[in-house]
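Participant: All chains, please: the whole structure from these sequences, using the hints.
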Amino acid sequence: MTRFQLRSPSVQSFMKVIPGLLTAALCGFNVLVIRASEFEKGIEIMDSKGKIVGVSPKAGEKAVTETAVSRAVVIGTTLCVPDIVLHYLKRTNILVKNPRLCRALRPTLIVFILGLMIPASFSWIPQYGTIQRSLIEPDIISSTEETEFIYYRGL
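Numbering (this note's numbering), first residue to last: 3 to 157.
I should point out that these hints are in silico values taken from the structure, not numbers from a laboratory.
For glycine and all other residues, C-beta sits at the position ideal for the given N, C-alpha and C.
Where hints are given, some of them may not hold.
[Claimed, not checked] The calculated lysine to aspartate or glutamate pairs, modelled on DMTMM-like cross-linking and capped at a C-alpha distance of 20 Å, are:
hint, residue 1, residue 2
1, Lys64, Asp141
2, Lys43, Glu139
3, Lys99, Glu68
4, Lys43, Glu68
5, Lys18, Glu150
6, Lys18, Asp85
7, Lys51, Glu148
8, Lys51, Glu68
9, Lys43, Asp141
10, Lys18, Glu139
11, Lys60, Asp85
12, Lys53, Asp141
13, Lys53, Glu148
14, Lys64, Asp49
15, Lys60, Glu148
16, Lys60, Glu139
17, Lys64, Glu148
18, Lys18, Glu148
19, Lys64, Asp85
20, Lys60, Glu46
21, Lys99, Glu46
22, Lys60, Glu147
23, Lys60, Asp49
24, Lys64, Glu40
25, Lys64, Glu139
26, Lys53, Glu147
27, Lys60, Asp141
28, Lys53, Glu150
29, Lys60, Glu42
30, Lys60, Glu150
[As the list claims (entries may be wrong)] DEER-style ranges, computed between Cβ atoms:
hint, residue 1, residue 2, range
31, Met17, Ser144, 35 to 45 Å
32, Lys43, Thr149, 19 to 29 Å
33, Thr67, Ala122, 39 to 49 Å
34, Ile36, Pro109, 19 to 29 Å
35, Val35, Gly117, 24 to 34 Å
36, Gly52, Leu24, 37 to 47 Å
37, Leu157, Lys92, 30 to 40 Å
38, Cys104, Ala27, 44 to 54 Å
39, Val87, Ser144, 53 to 63 Å
40, Leu91, Tyr154, 19 to 29 Å
Facilitator: Next comes the structure, spelled out in structure tokens:
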């Protein structure tokens, strides 16, 4: 970073977070690419009794978008928070005296934060989602009187 004359502490700390943010963006993009068929063709939606009512591209779009956002948030947080924490911990006397401790602390923080983020992401956006009647295609609406439909978002 000194080669590019980035000496400001705020710019240096931001540069340490960029790999985590790029990885998070790529994880979200990966979901969009892998599940593109659900985006185009749609996914099955069910009524409140669990009976499949039809296949909705709008529900597929919502499911894929929610999955991409949740993956990006989980991976981004997991990779960015340890770097930020270590940036501030490196100023303490413990890590100044024992620089090897920093090498062991980063993977430990990553595992710990990932362990916290996975359950949080499952509760934030559950596997089964709901979509309102007004957002569904007209041909599906005409076949039922339900006001809310359920779809499987996936992981």
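Participant: Mind checking the alpha carbons of Lys60 and Glu150 for me, to see if they're no more than 20 Å apart?
Facilitator: 14 Å, holds
Participant: Taking 20 Å as the top limit, are the C-alpha atoms of Lys51 and Glu68 close enough?
Facilitator: 24 Å, violated
Participant: Determine whether the Cβ-Cβ distance between Leu157 and Lys92 falls within the hinted range of 30 to 40 Å.
Facilitator: With a Cβ separation near 35 Å, Leu157 and Lys92 satisfy 30 to 40 Å, so the hint holds.
Participant: Holds or violated: Lys60 with Glu147, Cα cutoff 20 Å?
Facilitator: 18 Å, holds
Participant: Just to be careful, I want the Cα atoms of Lys53 and Glu147 compared with a cutoff of 20 Å; is the pair within it?
Facilitator: It holds: about 13 Å lies between the C-alpha atoms, which stays within 20 Å.
Participant: Are Lys43 and Glu68 close enough, with their CA atoms no more than 20 Å apart?
Facilitator: 17 Å, holds
Participant: Holds or violated: Lys53 with Glu150, Cα cutoff 20 Å?
Facilitator: 13 Å, holds
Participant: Would the hint linking Lys64 and Asp141 be met if the CA-CA limit is 20 Å?
Facilitator: Answer holds: Lys64 to Asp141 is near 18 Å, not above 20 Å.
Participant: Need the status of pair Lys64, Glu139: alpha-carbon distance at most 20 Å?
Facilitator: 13 Å, holds
Participant: Holds or violated: are the alpha carbons of Lys60 and Glu148 at most 20 Å from each other?
Facilitator: 16 Å, holds
Participant: Sort out whether Asp141 lies within 20 Å of Lys43, counting only the CA atoms.
Facilitator: 15 Å, holds
Participant: For Lys43 and Glu139, compute the direct alpha-carbon distance and say whether it is at most 20 Å.
Facilitator: 12 Å, holds
This entry does not satisfy hints 3, 5, 8, 10, 11, 18, 19, 21, 31, 33, 38 and 40, going by the numbered hints stated previously.
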